[in-house]
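Peer 1: Listed below, chain by chain, are the residues.
Number of protein chains: 2
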Amino acid sequence: MTPASSSALDELVAALPEGAVLLDPDVTAGYRQDWAADPTAGRPAAVVRATCTEDIQTVMRWATAHRVPVVPRGAGSGLSGGSSAVDGCIVVSTERMRQITIDPVARVAVTQPGLMNAEVKKAAAEHGLWYPPDPSSFEICSIGGNAATNAGGLCCVKYGVTTDYVLGLRVVLADGTAVSLGGPLLKDVAGLSLTKLFVGSEGTLGIITEITLRLIPAQPPASTVVASFDSVQEAADAVLAITSNMRPAMLEFMDHASINAVEDSVRMGLNRKAHALLLAQSDAPGAAGVLEIETIVQACENNGATEVFATDDQAEGDAFAAARRAVFPAVLAMGSLLLEDVGVPMRALPQLVTGVEAIADDLDVLICTVAHAGDGNTHPLIVFDPADPDMYERAQIAFGRVMDLAIALGGTITGEHGVGRLKRDWLPSQLGEDVMALNRKVKDALDPLGILNPGAVIAVKEGSLD
Amino acid sequence: MTPASSSALDELVAALPEGAVLLDPDVTAGYRQDWAADPTAGRPAAVVRATCTEDIQTVMRWATAHRVPVVPRGAGSGLSGGSSAVDGCIVVSTERMRQITIDPVARVAVTQPGLMNAEVKKAAAEHGLWYPPDPSSFEICSIGGNAATNAGGLCCVKYGVTTDYVLGLRVVLADGTAVSLGGPLLKDVAGLSLTKLFVGSEGTLGIITEITLRLIPAQPPASTVVASFDSVQEAADAVLAITSNMRPAMLEFMDHASINAVEDSVRMGLNRKAHALLLAQSDAPGAAGVLEIETIVQACENNGATEVFATDDQAEGDAFAAARRAVFPAVLAMGSLLLEDVGVPMRALPQLVTGVEAIADDLDVLICTVAHAGDGNTHPLIVFDPADPDMYERAQIAFGRVMDLAIALGGTITGEHGVGRLKRDWLPSQLGEDVMALNRKVKDALDPLGILNPGAVIAVKEGSLD
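Residue numbers (UniProt numbering), protein chains in the order written: chain H, 1 to 466; chain E, 1 to 466.
Rather than coming from a laboratory, the hints here were simulated on the basis of the structure.
Hints should not be assumed to be uniformly reliable.
Any copy, or any two copies together, can satisfy a pair, since identical chains are not distinguished.
[Said to hold, decoys possible] Using 25 Å as the maximum straight-line C-alpha spacing, the simulated SDA-like pairs for lysine to any residue come out as follows:
(1) 441 with 272
(2) 273 with 65
(3) 441 with 177
(4) 441 with 24
(5) 273 with 448
(6) 122 with 401
(7) 441 with 175
(8) 273 with 383
(9) 441 with 118
(10) 122 with 428
(11) 273 with 351
(12) 441 with 119
(13) 273 with 18
(14) 122 with 345
(15) 273 with 247
(16) 122 with 241
(17) 122 with 354
(18) 122 with 14
(19) 441 with 168
(20) 122 with 316
(21) 273 with 128
(22) 441 with 64
(23) 273 with 105
(24) 441 with 394
(25) 122 with 233
(26) 273 with 24
(27) 273 with 221
(28) 441 with 329
(29) 441 with 54
(30) 122 with 244
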């Protein structure tokens, strides 16, 4: 790979519609990083704001001819540096690709990648349908980015993750070929499962330009339980008691620091003294829902909850869910963040949560932990002052140790954010040599020049740019 | 690839546990074909009945060294010839790999591939849990085969297909390397989505030796509606009216010939004069379920149903579902079968069903059609007398024309059975050149010698055995 030359860039500008290519370094600088604020992100030679599949084909044909790296970018809300630019690359932004159609008979949405997750949900809701996956960032993350990272969210404990809803994709490959994979059919086993291979590939195999999503009937009204605990261990035990008896529609965890960060910023009336808080929902209709709420309440009470509050008021439940979603911005207000996304098998959840506390103590760093507890996916948020180099170093060590702990517990370094750039160096330790080799074989088969999102997920081959 | 030589076979026998290798041609002949009864199936040099991952690693290391083709085989219930042997190959049977463990806290099953689907369901049920995918053949098809074909079934319209439940796999690759992909976590996005790539790969990329399955809470009791129609078109219209308003737990279609075949064999009291029958279930609890059943009944009545019967009696509902499942054996009793598995987008369902009737008329062959109507997946069963060469030829033509019709309607040649050997020649026509090339790239990257299930799905390269 080589950075784009000036004459090559002229060629690209000429091949694309007017205004599609941004070259001003002050403007392109805004496309260097995503929310991970990766300090190692490079400087793009240009940003292409594509409007259609053909634009992206043009970019990839050109990039293949000139061996220039290409970094795909959705809304830039990624938390692992999956959209970190590399020096001299072309950033392909899908922000202008915003068409969507809903077919209520087939119960599918066909959407371009640039819509926000919330906009997809809204379009579906207009037909009484629902697109479940709900990253906390659903209002500011794009559906293309969701597909590229196989994003999760709060309701996934019951409703599954992004890949469970992706029936078809249109993808531009490294050489500029556009392929349509899958389609509106729930059942289609003709050929290899390539649709699912591209979901979660973080732009390393191709660029997604259209997504066919399965929709389901609108979610029934949910009832909500909020429970406070004096210890993280008790809350974690309550989680296991709940999940071994039922499948909640949401089961979230917040630790002491997270509770107080939220109260400082949005004032929900959460119990500031609690060491842990669980937020659970049931959306089972009628008597089944009442039974589920009883099961949750009892599991909390049996495991030492100091306070348990249940409500079937929608607005109240939504407000608690919003409070949970407010943790990330609230903690961000306290300093810079290294954002973890580790997951473990359910039984190991107590060990993970208490282990993270021990790491924080040991390294004297603040770690606020929130978790999609019902599926074992946790977000320890490591807070540091960027002006304090020693604290930054300790935060970096904590970031690695949390991943090491998750791996040791049989878990994953990333449940829903992606490997991106920030977690790339830990991937071999989780997957092992043979699975890494298999990842590379697929990557090399589909992107032999290594021009697609080099630097993310899988380290690029020797002699290349990054 | 070369057929296994006698000295090479001695080496294989010596490397495996006593009794693992079957060499007697009378015995190995029983492993030549699956239920598709592919007349082009070859004769295996040997059958290996593996008991563990290591046995299969031994076979694949040996096969790579000697360039001998290997055909993986589950229960042999495949309907597309995905387990058709090739001459001189080793058939690897997983029938002896029958261990399973259930973790009710993580709500997962970890199973070897040799258990029947029904056995997995039973093991889950012992913990109050449910493994939803339910091919009609669930009592005689293996879970390994289900994963290898991404099998579907009746409840998939609401609960999704096999891949939606596969969280992790252990797979032996072409060179004998064993890899563990994914695991018990609902959320795990570390590296490419290789787990999902192997699901539905029909033994062409590796041999699945262990499967981690997501389980969900036991299905609530279902209510059932049976409706008779004077025309296929009216029934198809009723299906669209149902699916655009709700998501049934089952929505099956039987045509006139299928109804009568079942009545001839099991006597369910179905209306023999009906031209079409719909069988629908709702498992929504309480009032929600009552509403769903009302919606179904009304959709049938509004679209000309001559008779509508609703029941919340479980045994009665199960009996109707069993009647639907009895279609395949009942029609098989009438002659030999070419079994179709075409699917179309929901809106095109009426055109597909009536188009199949036209093909039957035109070619003067009997085609009984049953369908998982709620997800657009249909099984036209083409009946022929094997002793009548002219009829066999017409049946073959019909088999192709039905697939051509599905492709023309934007559908698939296979919704849930797999491409196998029988549908391989139609795959390029559905996928197109570019997607075929992408399939080949992945196949070649993972199986460079082309020894894994050659002949199935993707035609093997020039100069090889088949």
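Peer 1: Each of the hints needs a verdict: does it hold here or not?
Peer 2: Evaluation of the provided hints:
In the homo-oligomer, the alpha carbons of residue 441 and residue 272 never lie at most 25 Å apart, since the shortest distance is 51 Å inside one protomer and 56 Å across protomers. When the C-alpha separation of residue 273 and residue 65 is checked against a cutoff of 25 Å, the pair qualifies neither within a copy, at 61 Å, nor between copies, at 66 Å. Within a single copy, residue 441 and residue 177 get their C-alpha atoms as close as 20 Å, and across copies as close as 14 Å, so both meet the 25 Å cut-off. In this assembly of identical chains, residue 441 and residue 24 lie within 25 Å of each other by CA distance neither inside one copy nor across copies; the values are 37 Å within and 39 Å between.
In this homomeric assembly, residue 273 and residue 448 never come within 25 Å of each other (Cα to Cα): the closest approach is 56 Å inside a single copy and 61 Å across copies. Taking the shortest Cα distances, residue 122 and residue 401 never come within 25 Å of each other, neither inside one copy (40 Å) nor across copies (41 Å). Taking the closest pair of Cα atoms, residue 441 and residue 175 come within 25 Å of each other both inside a single copy (17 Å) and across two copies (13 Å). Taking identical chains as interchangeable, the C-alpha atoms of residue 273 and residue 383 lie at most 25 Å apart only when both belong to the same chain, with a minimum of 21 Å there against 73 Å between chains.
In the homo-oligomer, the alpha carbons of residue 441 and residue 118 never lie at most 25 Å apart, since the shortest distance is 36 Å inside one protomer and 36 Å across protomers. For the identical chains of this complex, residue 122 and residue 428 are neighbours neither inside a copy (39 Å) nor across copies (37 Å), given an alpha-carbon limit of 25 Å. When the C-alpha separation of residue 273 and residue 351 is checked against a cutoff of 25 Å, the pair qualifies only within one copy, where the shortest distance is 22 Å, while the shortest distance between copies is 64 Å. Taking the closest pair of Cα atoms, residue 441 and residue 119 never come within 25 Å of each other, the shortest separation being 36 Å inside a single copy and 36 Å across copies.
In this assembly of identical chains, the alpha carbons of residue 273 and residue 18 never lie at most 25 Å apart, being 58 Å within a copy and 66 Å across copies at closest. For a Cα distance limit of 25 Å, the shortest separation of residue 122 from residue 345 across copies, 23 Å, qualifies, whereas the shortest one inside one copy, 33 Å, does not. Within a single copy, residue 273 and residue 247 get their C-alpha atoms no closer than 28 Å, and across copies no closer than 45 Å, so neither meets the 25 Å cut-off. When the C-alpha separation of residue 122 and residue 241 is checked against a cutoff of 25 Å, the pair qualifies only between copies, where the shortest distance is 23 Å, while the shortest distance within a copy is 34 Å.
Taking the shortest Cα distances, residue 122 and residue 354 never come within 25 Å of each other, neither inside one copy (39 Å) nor across copies (36 Å). With identical chains, the CA atoms of residue 122 and residue 14 are never at most 25 Å apart, being 37 Å at best within one copy and 64 Å at best between copies. Taking the closest pair of Cα atoms, residue 441 and residue 168 come within 25 Å of each other both inside a single copy (23 Å) and across two copies (19 Å). Only within a single protomer do residue 122 and residue 316 lie at most 25 Å apart by alpha-carbon distance; the minimum there is 21 Å, versus 40 Å between protomers.
Taking CA atoms no more than 25 Å apart as the test, residue 273 paired with residue 128 passes in neither setting, with 41 Å inside one copy and 37 Å between copies. In this assembly of identical chains, residue 441 and residue 64 lie within 25 Å of each other by CA distance both inside one copy and across copies; the values are 19 Å within and 18 Å between. Taking the shortest alpha-carbon separations for residue 273 and residue 105, neither the intra-copy value of 50 Å nor the inter-copy value of 29 Å comes in at or below 25 Å. Within a single copy, residue 441 and residue 394 get their C-alpha atoms no closer than 36 Å, and across copies no closer than 44 Å, so neither meets the 25 Å cut-off.
For the homomeric pair residue 122 and residue 233, neither the shortest alpha-carbon distance inside one copy (38 Å) nor that between copies (34 Å) is at most 25 Å. With identical chains, the CA atoms of residue 273 and residue 24 are never at most 25 Å apart, being 51 Å at best within one copy and 74 Å at best between copies. In this assembly of identical chains, residue 273 and residue 221 lie within 25 Å of each other by CA distance neither inside one copy nor across copies; the values are 30 Å within and 44 Å between. Proximity of residue 441 to residue 329 under the C-alpha cut-off of 25 Å is found in neither arrangement, the shortest distances being 39 Å within a copy and 43 Å between copies.
Taking CA atoms no more than 25 Å apart as the test, residue 441 paired with residue 54 passes between copies only; the shortest distance there is 23 Å, against 28 Å inside one copy. Proximity of residue 122 and residue 244 under a CA criterion of 25 Å is satisfied inter-copy only: 18 Å between copies versus 33 Å inside one chain copy.
Hint violations for this structure: numbers 1, 2, 4, 5, 6, 9, 10, 12, 13, 15, 17, 18, 21, 23, 24, 25, 26, 27 and 28, all remaining hints satisfied.
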